[in-house]
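> This is what each chain is made of:
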Amino acid sequence: MRKIISTIAITLVAISLFGQAKKPTIMVVPSDQYCISRGYAMEYDNMGSKITLPDYKAALQNDLELKLIISKMSGIMADRGFPLKDLEQELKNLATQSAEMSMLESKSSGSGIAESPIDALKRTAKSDIIMDLSFEVKKVGPKKYVSFILNGLDAYTSKNVASAAGAGQPSSAAQTEILLEEAVLAYMDEFNGRLMSFFEDAFEKGREVKIRIKMFQNMDFDLESEYNDDELSEHIENWMADHAVNGRYNTQDATENFMQFEQVRIPMLNEKGRAVDARGWIRDLQKYLKDDPFMIESKLYMRGLGEAWLILGEK
Amino acid sequence: MKKTIQLATVFMLALIVSVNAQSRKELKAYYGSQYNVEIQTLGVGNDGTKLFKVWGYAKKAEGAAIEAKRNAISAAIFKGIPAGGGAAPTPALTTDINAEVKHQAFFDEFFKDGGKYLQFVNLSTDASAGGSDSVKMKKGYKVAVAVSINFVALRKYLEESGVIRKLDSGF
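From first to last, the protein sequence lines stand for chains U and D.
Using my numbering, you'd call the opening residue of the first sequence number 129 and step up by one each time.
Using my numbering, you'd call the opening residue of the second sequence number 162 and step up by one each time.
Simulated from the structure, these hints should not be mistaken for lab results.
We put the CB at the ideal spot given by N, CA and C, even for glycine.
Careful, some of the hints might be misleading.
[Stated by the list, open to error] Just a sample of chain U residues kept apart from chain D, beta carbon distances all over 12 Å, derived:
no., residue
1, Asp350
2, Leu351
3, Trp409
[As the list claims (entries may be wrong)] Just so you have them, the derived chain D footprint on chain U, three or more residues with Cβ under 8 Å:
no., region
4, 326-336
5, 417-431
Only chain D is shown next, with the shape it has when bound in the complex (with noise of 0.2 Å):
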């Protein structure tokens, strides 16, 4: 009786951290979280342009400010920025909420590694990323990212690609 309920116990830790291991490992690879993605509004960009610190989080530093730069283009399409230092809230460029799986092989290919998202942040200051901006945590880093982005020239690209609509469609 005691070694079935050893064992029962062993089996039960062992399915409770294949089950934890499986959901970050969904959480971290999964592009359109909602829940992975700190944003702090920064101000107002220029003209077309949004200016924002976003966190991101890798083993290195350097892999979590390229992981934010990743969640800042994620962000502005799938979740909006929130307003802050004078800027008024920016909505999500789309407003279907199930975009990222009808559209999944368009942005598995615009957010792979070195991907087309690039080409629409402007400005960002990971080399310099350092201090609070930089913590270390238990397994890597969460860094903090101050990027600009070409917000209206992501907005046309997506347009473009038939991925959202665009504000005069139907008319």
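Only chain U is shown next, with the shape it has when bound in the complex (with noise of 0.2 Å):
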């Protein structure tokens, strides 16, 4: 109990003190069921079955009634100190970084830049929170209305933590863009004050991150191995328990090889009032199982503010 106590101070203190947990990034992204009904897709066959893809690009360069969405959507958000990530811009970047990396050398020897096949993979669009969208002008009789759907998504729990979905008034006079500027407005601050609720619970009871524990292969020892007369498995367990705020997690499953943790609640701020993020939390766990009696190195992996992997047996 004291050390509940003394924890929920030492959290509060540093809030008040420092008070700058690590800011999600947002970013609007048209939903899959918008860009493939309306043909901005991209087909390729793997292995004899047809998958279809979003080409979010094609979708961005030809939609005009998508960017006026996305452009009041940013406006608003900018207002309430969120400003949105853009998807375009975001796609270009990417597509310049990769040709100035194929490019560029080192002065005296030529080198080239470093990337392993996993930092090619790490180079996509990405955000802590996709605002998911979907909406379409539809007619009954000469009147027009807008259906609307807003998503916010947690990109690594996959959880819904925002939403705002509905039709708009049937209007027969409003232009088409007046009608999805009405949209936008009529649903925005619904959206705000859920995400609202969503940021608040993360300060209350820590931020929800998702941890995996890994195993490279041909290590002598695995998650079953036993120290102490515990199993290793258990002394994460435990050190889960320890350090996840209010002890709060979730065995989701678990082996000799691997044990995926959900809904782990991590502090916004450490004891030094310095931001967390899940990387920065499973590093203590990192060193935890360099000292005796497990003396196990491990490779930490970052997936994002919220999740992240560590690989035991090797760097």
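The task is to assemble the complex, starting from two chains supplied on their own in separate frames and drawing on the hints.
What follows is the structure, encoded as structure tokens:
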């Protein structure tokens, strides 16, 4: 009990003194349904089965209505202190970055930039919260109305953290652009109200993240190996219980080769008042496992603010 | 015995009347009350505004119209604005249910007669309130006013005054 009270007290003091948790990035992305139903799609053959994926670049280059809605939403979110990452600009940046990376070399030896296949894979447009957007201008007789769906998805937990959906008032006089603008104005306050609740929940109960423990191949130990009469997996679970906010975490799955923790609540700030993300938080477990009696080396792999993997056995 | 019963009856009646009068007084004077605000959303307002019809009560119709404007701002802060006319519901600006108690001094000043709350009422129809929107009651008037409030400016003012949290506070 004393530990819980002191943890809460330290967190509150830290928030009041420093108060700058890591700010999530937000990006509006047209939904798969929106892109594919309008023909903004790419198809490829995956060993005989046809896979259809949304083509965001084509959607943003050709769909003025989509751009209008994203622009309106960006203005509202910037006003609330969350300037949105622009998907179109992000895609352009990635293309330029790839070209520059392939051309760049050192002056003395002509050496290129080191990049593993994983590094290349990680160069994609991403954000911490995705505003998944669908809309459609529909007709009832001579009148038009806009059906609108906006889902705020946490990129790591895949949870829908905020949403707003509905249909506007039918109108025979208003232009489509006016109806689209009206749809954004009609739903954004509701959406932001829910987003606010999500942030308040994170500050009160901790940021929810996903942690995976994995093993490199051909190690002389696994998660069932015993240290001080307890299996390694038990030691890891005990560490999670001791360090998650109010001991909140859920062991989603576990074998001798991997453990998957979901709904892990980590503090927004550490005892020094510094912002914490999943990678920074799990680094303490990495250090714990490196010590006696485990003496286990591990590789820390980051997947954004809210997901980290600890791969045991080697760096 | 009969006299005692009569006295007790008179005393009980006096007590009931006094409690009722007290509760009515509190209900009317309490700007944050969730019970005396009736709202009907009229549509989606222009950028940054909310458009709805709100009711006020007073002995005179003019007073009821002024009360309605105060109710409009009070509803946006404490109660939220319901869905209607193609607009989605707007949650209350404060997420703390005890905000009116915590910041009582601020709200007493904000909602005083001719207070700063009027700055956020853009447009109202109080001059032409009449017909079905002005109902004569036993002890006064119930008047509906269609108002457009500057919701974004109100939110920013309350954020800067430290009464409500910003969406990005803490980050």
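> All hints, please: hold or fail.
Quick rundown of the hints versus the structure:
1. Asp350: holds, 40 Å
2. Leu351: U:Leu351 is indeed farther than 12 Å from all Cβ atoms of chain D, at 36 Å.
3. Trp409: Label holds. Min Cβ-Cβ 17 Å, cutoff 12 Å.
4. 326-336: The restraint on the region 326-336 of chain U holds, since 3 of its residues have a Cβ under 8 Å from chain D and three suffice.
5. 417-431: That given contact is violated, which follows from only 0 residues of the region 417-431 of chain U lying within Cβ reach (below 8 Å) of chain D.
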